[in-house]
Amino acid sequence: MAEMRKITVTVNGQAHTREVETRMTLADFLRHELTLTGTHIGCEHGVCGACTILLDGRTARSCLMLAVQADGHAIDTIEGIAPPNPDKNAPMHPLQEAFRDNHALQCGFCTPGMLTTIIELLRDNPEPTSDEVRIAISGNLCRCTGYQTIVAATLDAARRLKAEGRKP
Amino acid sequence: MKPPPFSYHDPRTVADAVRLLGSLENPKLLAGGQSLMPMLAMRFVLPDHVIDLNKIEGLAYIREANGALEIGGMTRQRDIEFSDLVAAKHPLLREGILNVGHRQTRNRGTIGGSLCHLDPAAEQVLVCMASDAIVTVAGPNGERAIPFREFPLAYMTPALEPDEMLVGIKLPLWPAGHGYCFLEFARRHGDFAVVSAAVLLELDAGGKIKRAAVALGGVAAVPLRMDEVEARLVGQVASEELFREAAELCRAVEAIADVHATVEYRQHLAAVLTRRALVQALARVRRA
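Going down the list, the protein sequences come from chains Y and C. Everything in the first sequence is counted per my numbering, starting at 1 for the first residue and increasing by one. Everything in the second sequence is counted per my numbering, starting at 1001 for the first residue and increasing by one.
Chain Y with its partners taken away, still in its complex shape (with noise of 0.2 Å):
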């Protein structure tokens, strides 16, 4: 018999109720509940990093926690870093238009973790080094062998925001 129960979540600003079975994951619960199909799973089992999203402004493995866990937190997906915009042409948040403009991404797989796990980065360290940006991403695996444009696009979205005066 499958244990259900009543959680109430706040994603990307908005409060979502729902009747979950305990045992289901977090990552499942935004993708299959919510259908925030942008969190990705990759290995299930918190080697990855594709599923990373932010818990209360923190990074967390979403398959390495329950949804249950998760009532009563504020969750920040890759959906809610740049809003949705009717004009196509809108630009995206200052790191997503660095990996577009580095070529940081191929198949795009990893890339929802990597912006999650780059953005905690650049709040806590707004001017990282390389070897910090490594060091950062070393949970987050690309099978595209994309890691160099990867770092280049996190120095140069750190950049960016400095011009911009924005935080991340």
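It is worth saying that the hints were derived from the structure and are not from the lab. What you are looking at is a predicted structure, and each value in this text was computed from that prediction instead of being measured. Hints may be right or wrong, so weigh each one.
[Stated by the list, open to error] Derived list of chain Y stretches under chain C, where covered just means 3 residues or more per stretch with a C-beta under 8 Å from a C-beta of chain C:
| no. | region |
| --- | --- |
| 1 | 51–59 |
| 2 | 77–90 |
| 3 | 94–108 |
| 4 | 147–161 |
[What the hints assert, rightly or not] DSS-like mimics (lysine-lysine), calculated; alpha carbons at most 27 Å apart, straight line:
| no. | chain 1 | residue 1 | chain 2 | residue 2 |
| --- | --- | --- | --- | --- |
| 5 | C | 1002 | Y | 6 |
| 6 | Y | 6 | C | 1089 |
| 7 | C | 1055 | Y | 6 |
| 8 | C | 1089 | C | 1002 |
[Claimed, not checked] What follows is a list of derived Cβ distance ranges for each label pair:
| no. | chain 1 | residue 1 | chain 2 | residue 2 | range |
| --- | --- | --- | --- | --- | --- |
| 9 | Y | 19 | C | 1189 | 34 to 42 Å |
| 10 | Y | 145 | C | 1259 | 21 to 29 Å |
| 11 | C | 1143 | Y | 143 | 56 to 64 Å |
| 12 | C | 1065 | Y | 145 | 24 to 32 Å |
| 13 | C | 1082 | Y | 19 | 43 to 51 Å |
Each residue gets a CB set at the ideal place from its N, CA and C atoms; glycine is no exception.
Use these hints to put chain C onto chain Y, whose structure you have.
Structure of chain C alone, referenced to chain Y:
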């Protein structure tokens, strides 16, 4: 790769958690979830009940009391990493923590969870072994203290009764200016160590070694305190030659072999890392 079905409990007090632990069939405690959640996904553990400790208040703290650093079992690794008190009073712990996983896992992972999981290559386990930590556990009859040397019974098996849980850890402080070093060899940053070494060093006024603690992780089924190495060091004048001789004793350690390294390679790493850690610890000694 989904957790198996279980009943979920989220007690608000240690007493309730202990009661659940003692009354439910086949329960498992959930702390930060950075080890248990993968084990659930891979079905390495099949608990009927998961008791989540995250809603219990008062288990997350870092404070100095009675000459020791006291850390709550549910203290996140992140909070230890950024604690000024830890950096000032127990720099070995901070150096060890920086080798634990990644930012995403340290944000959630707890020191108590890691100690009870008791991976022999885990950094926090090794720091506790080198520091003669005291583990405080709560059970149906109240709390009791376990010296860390007696905490690992066997491979990933802590000396906890089925109805007991870890609530805190005390790390006796070394004098200001002591030498320290945590070193590990791993294939990638954030991985568990193939072999790790933790060293604490105190010199007397004449420059002789007054006290030394040397511990090795990843070498055997449980973390090891190297009593022989310490005995070789104490009372001697610190020198590279002495460190080389003492560290060579690590080559005789009974090591395990697995896919990552052979017995001989682990013994070699144990000696090399111990020597380097001793040299680094000495360089960090500050005279009063």
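May I ask which of the numbered hints given earlier this structure violates, with the numbers listed in increasing order? 2, 3, 4, 6, 8, 11, 12 and 13
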